[in-house]
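K.L.:
Next come the chains, spelled out residue by residue.
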Amino acid sequence: MHPTHSSAEQELIQHCKKGSLKHQELLYKQFYGYAMGTGLRYSINRDDALEVVNDAFIKVFNTIDSFNADRSFKAWLSKIVINTAIDRRRKDLKYQLHTDVEYAENMGHHATVVEQLSARDILKMMETLPAIQRTIFNLYEIDGYSHDEIGVMLNLPSSSCRVYLSRAKERLRKLLTTEGQSHE
Amino acid sequence: MSEPLDEQLKKRISEVFDHYEEDASSAGDGWQQLRHKFPEQKQEKSTFAWWWRIAAAVLLLCVMSLWWINRGTNEQQKKIAKQHKLVKPDDNISNQITNITKNTQPSIAKSNNHAPVISKNDDVKIYPKSKDSLLDYPKIAQLKPVYAQTPSLQKNDLQQSIDIMTQSDTVILPQKETALAQVGRASALTDSISTKKGNKPATIEQLFADEKNSPVVTNNKPVVTPNKRVVYSLYAATFFNYAKGSNSQLNAGAGFTSDIKLFSNFKLSTGVSIARNSLNYDGQPVQANVLSAAISAANAGNGAVMAAPLNGPAFAATNLPAPTTVSGYGINLTGLDIPVNIKYEFNPQKTDTYIAAGLSSGTFINETFKYRYNPTSYALNIPPQSVPDASTSTGFSRFDFARTLNLSIGMGYQLNNKGNRLIIEPFLKYPLGGLGSQQIQFGAGGLNLKLKFSGK
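Residue numbers (the working numbering), protein chains in the order written: chain A, 1 to 184; chain B, 1001 to 1456.
In short, the hints are calculated from the structure, not lab data.
The C-beta atom is built at its ideal place from N, Cα and C for all residues, glycine as well.
Among these hints, one or two may not hold up.
Capping the alpha-carbon separation at 25 Å, the derived lysine-lysine pairs in PhoX-like fashion look like this [said to hold, decoys possible]:
(1) K79/A - K1011/B
(2) K22/A - K1244/B
(3) K1010/B - K74/A
(4) K1037/B - K18/A
(5) K1350/B - K1228/B
(6) K17/A - K59/A
(7) K1079/B - K1261/B
(8) K59/A - K18/A
(9) K1418/B - K174/A
(10) K174/A - K1010/B
(11) K124/A - K1010/B
(12) K1244/B - K17/A
(13) K17/A - K1037/B
(14) K174/A - K74/A
(15) K1228/B - K1261/B
(16) K1350/B - K1079/B
(17) K1037/B - K74/A
(18) K1037/B - K59/A
(19) K1037/B - K79/A
(20) K59/A - K29/A
(21) K1010/B - K79/A
(22) K59/A - K22/A
(23) K1037/B - K29/A
(24) K1350/B - K1261/B
(25) K1011/B - K74/A
(26) K1261/B - K22/A
(27) K1350/B - K1244/B
(28) K18/A - K1244/B
Simulated restraints on C-beta separations [to be verified]:
(29) A1236/B - Q14/A: 50 to 58 Å
(30) A1236/B - S20/A: 39 to 47 Å
(31) L1250/B - Q10/A: 43 to 51 Å
(32) N155/A - A1402/B: 25 to 33 Å
(33) T178/A - S1026/B: 55 to 63 Å
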């Protein structure tokens, strides 16, 4: 059994498998924050993220029978949210115009050092990246997908994924350095 | 140099978003949005499947009914044709005469062609078409009454002819009689038919032609339904409304219909009716728009109740939002219904038995929603306070086009000799979509009592 699985969580999942709307609501509310955290990283704004999260939860409720209780529910949910977000923006990602964004418009006053970055700051930084770079950065660096997996997901050669990731990281470094200097 | 920064950033992002939280109200709002899609989507899917099942069942029923009716009609036609066969020159009598003459004229009997054969009596043409023989004599005996009812024939003559034939059968069966005797019987038969000269037909063909042209006297009752192009009916309906989550409610309505003849068995039935529909639900509304209307009604009706704790020190201290929960609600809808149905009448000349299917459109003259609320606590340290019921009313908010499927069957009974009839019509109205301002899905099932003014 997965160590992060509490008995309450297991019970909740069991009730959801039986189709209890009340328990589905509880599950939704319990994991809403986590799902939004993931959804926001892959979405263009909060409304978009909420739609991604809701669509993901509908998939969760419809397929929860197939969920293996030995696995981490969070990891399963995260995967569904990511796939939903990518499906939703697949067209955008494919025809993404790789316009260069030199600087963030407004980073906020708290992003002086990495350790102090808030969710809002991070999202603002992410917004400065082209969607394809942001997605690949999230998939590879944060969510642990390999370049081959990302290539399959986005229908791209893995070499292209490496290039996009490299550009994304370079841009983020530049932003952090610039912001760090402006607050010194 | 860049590697530590990357690692640092990666670690920070994971840290922040793994424990990302939003305030509780956001999750509640998110759940409400999800509910627009999640349960309804599932329900629509099953509704769609049910709709197809019902349509398939109705279609199957119609096809089977048509087949059964056609089968019945064909059998009747066959019976009538069989009866009339006897009075045609190429049927049993001719055949039997032919069989008799066969025995006397071997050369003719051997020929298999179906050309008319002239018997010894020049007035009689014989058509050896059927292979029936006098061995079938029970058929002839069975058909005696047909001759008896034929006005253009002399009963005695025919009776005599048939008697001769049936008598001859008993003799022929052993096939031992002489050919001369058979010829004698054949002559007797033909003579018996052809002896009536003068005003009487000279040949069997003429005889049967006269029979064919003579008016047929039947014992059938006169046609029940006059063949009018449009027939009007008034009706009263009693029915139960049904909807998911609602208790069944008995309701009533009234209206008129006009049946416009399209084809022989098909009619277009349309009209207008007024009916009261009521639904009663327990618990929170499932539909988000109804829930939001209920909350708005509570806020509009109870401003004073809400305002006091919100501005009070207790609320300020706890800083909790004021939750209002609905304990139940009732809906009363008075609506105009315009059905357009296709009616198939099984036998419009004799009965009023039919099936009908179609769609209804309409609007509601009045829609009243009455909401009941649970006692509400506006703050943790304030005891729950009762929330008074609230209601909203509206009328003619929208026109719902083709949102209800109508299915019905009808059976008619004659009331008087003026042709007016009472139709008993069980019906079902199945919702295909939401109705009224709040898009409530509900159906109805019940009984229409129709007074049909057929007129003579």
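K.L.:
Now tell me if each hint is right for this structure.
P.N.:
Here is what the structure says about each hint:
Proposed proximity of K79/A and K1011/B is supported: the alpha carbons are some 19 Å apart, at most 25 Å. Between K22/A and K1244/B the CA atoms are separated by roughly 18 Å; this keeps the pair inside 25 Å, and the hint holds. For the hint pairing K1010/B with K74/A, the CA-to-CA distance comes to about 19 Å; that is within 25 Å, so the pair holds. Annotation: proposed proximity of K1037/B to K18/A holds, straight-line Cα distance about 19 Å (limit 25 Å).
A hinted pair counts as satisfied when its Cα atoms are at most 25 Å apart, and K1350/B with K1228/B qualifies at roughly 14 Å. For a cut-off of 25 Å, the pair hint linking K17/A to K59/A stands: about 13 Å separates their Cα positions. Restraint check for K1079/B and K1261/B: not satisfied, since their Cα atoms lie roughly 30 Å apart, outside the 25 Å limit. Note on K59/A and K18/A: the hinted pairing holds, with a Cα-Cα distance of about 15 Å set against a maximum of 25 Å.
Proposed proximity of K1418/B and K174/A is contradicted: the alpha carbons are some 98 Å apart, above 25 Å. Under the criterion of a C-alpha separation no larger than 25 Å, the hint pairing K174/A with K1010/B is consistent with the structure, at around 15 Å. Restraint check for K124/A and K1010/B: satisfied, since their Cα atoms lie roughly 15 Å apart, inside the 25 Å limit. For the proposed pair K1244/B and K17/A, the alpha carbon gap of about 22 Å is at most 25 Å, so the pair holds.
Of the pairs offered as hints, the one joining K17/A and K1037/B holds, with about 19 Å between alpha carbons and a cut-off of 25 Å not exceeded. For the suggested pair K174/A and K74/A, the alpha carbons sit about 32 Å apart, so the restraint of at most 25 Å is broken. Restraint check for K1228/B and K1261/B: satisfied, since their Cα atoms lie roughly 8 Å apart, inside the 25 Å limit. Under the criterion of a C-alpha separation no larger than 25 Å, the hint pairing K1350/B with K1079/B is consistent with the structure, at around 19 Å.
Restraint check for K1037/B and K74/A: satisfied, since their Cα atoms lie roughly 23 Å apart, inside the 25 Å limit. The hinted pair formed by K1037/B and K59/A meets the criterion: a straight-line CA distance of about 11 Å does not exceed 25 Å. Proposed proximity of K1037/B and K79/A is supported: the alpha carbons are some 21 Å apart, at most 25 Å. A distance of roughly 16 Å separates the Cα atoms of K59/A and K29/A; the hinted pair therefore holds under the 25 Å criterion.
Simply put, K1010/B and K79/A have alpha-carbon atoms about 18 Å apart, close enough for the 25 Å limit, and the pair holds. The straight-line distance between the Cα atoms of K59/A and K22/A is roughly 17 Å, inside the 25 Å bound, and the hint therefore holds. Among the hinted pairs, K1037/B with K29/A is consistent with the structure: their alpha-carbon atoms are about 17 Å apart, no more than 25 Å. A distance of roughly 16 Å separates the Cα atoms of K1350/B and K1261/B; the hinted pair therefore holds under the 25 Å criterion.
Proximity of K1011/B to K74/A is assessed by CA-CA distance (about 18 Å); at most 25 Å being required, the pair is judged to hold. With a C-alpha separation of about 54 Å, the suggested pair K1261/B and K22/A falls outside the 25 Å cut-off, and the hint is violated. Taking the CA atoms of K1350/B and K1244/B, the gap is near 41 Å; set against the 25 Å cutoff, the hint is violated. The straight-line distance between the Cα atoms of K18/A and K1244/B is roughly 20 Å, inside the 25 Å bound, and the hint therefore holds.
For the pair A1236/B and Q14/A, the supplied restraint of 50 to 58 Å holds, since their beta-carbon distance comes to about 53 Å. The supplied range of 39 to 47 Å is met by A1236/B and S20/A, whose beta-carbon atoms lie about 44 Å from each other. A C-beta distance of roughly 47 Å is found between L1250/B and Q10/A, which places it inside the suggested range of 43 to 51 Å. N155/A and A1402/B have their C-beta atoms about 43 Å apart, which leaves the hinted 25 to 33 Å range violated.
A hinted range of 55 to 63 Å for the beta carbons of T178/A and S1026/B is inconsistent with their spacing of about 32 Å.
The structure does not agree with the numbered hints 7, 9, 14, 26, 27, 32 and 33 stated previously, though it agrees with the rest.
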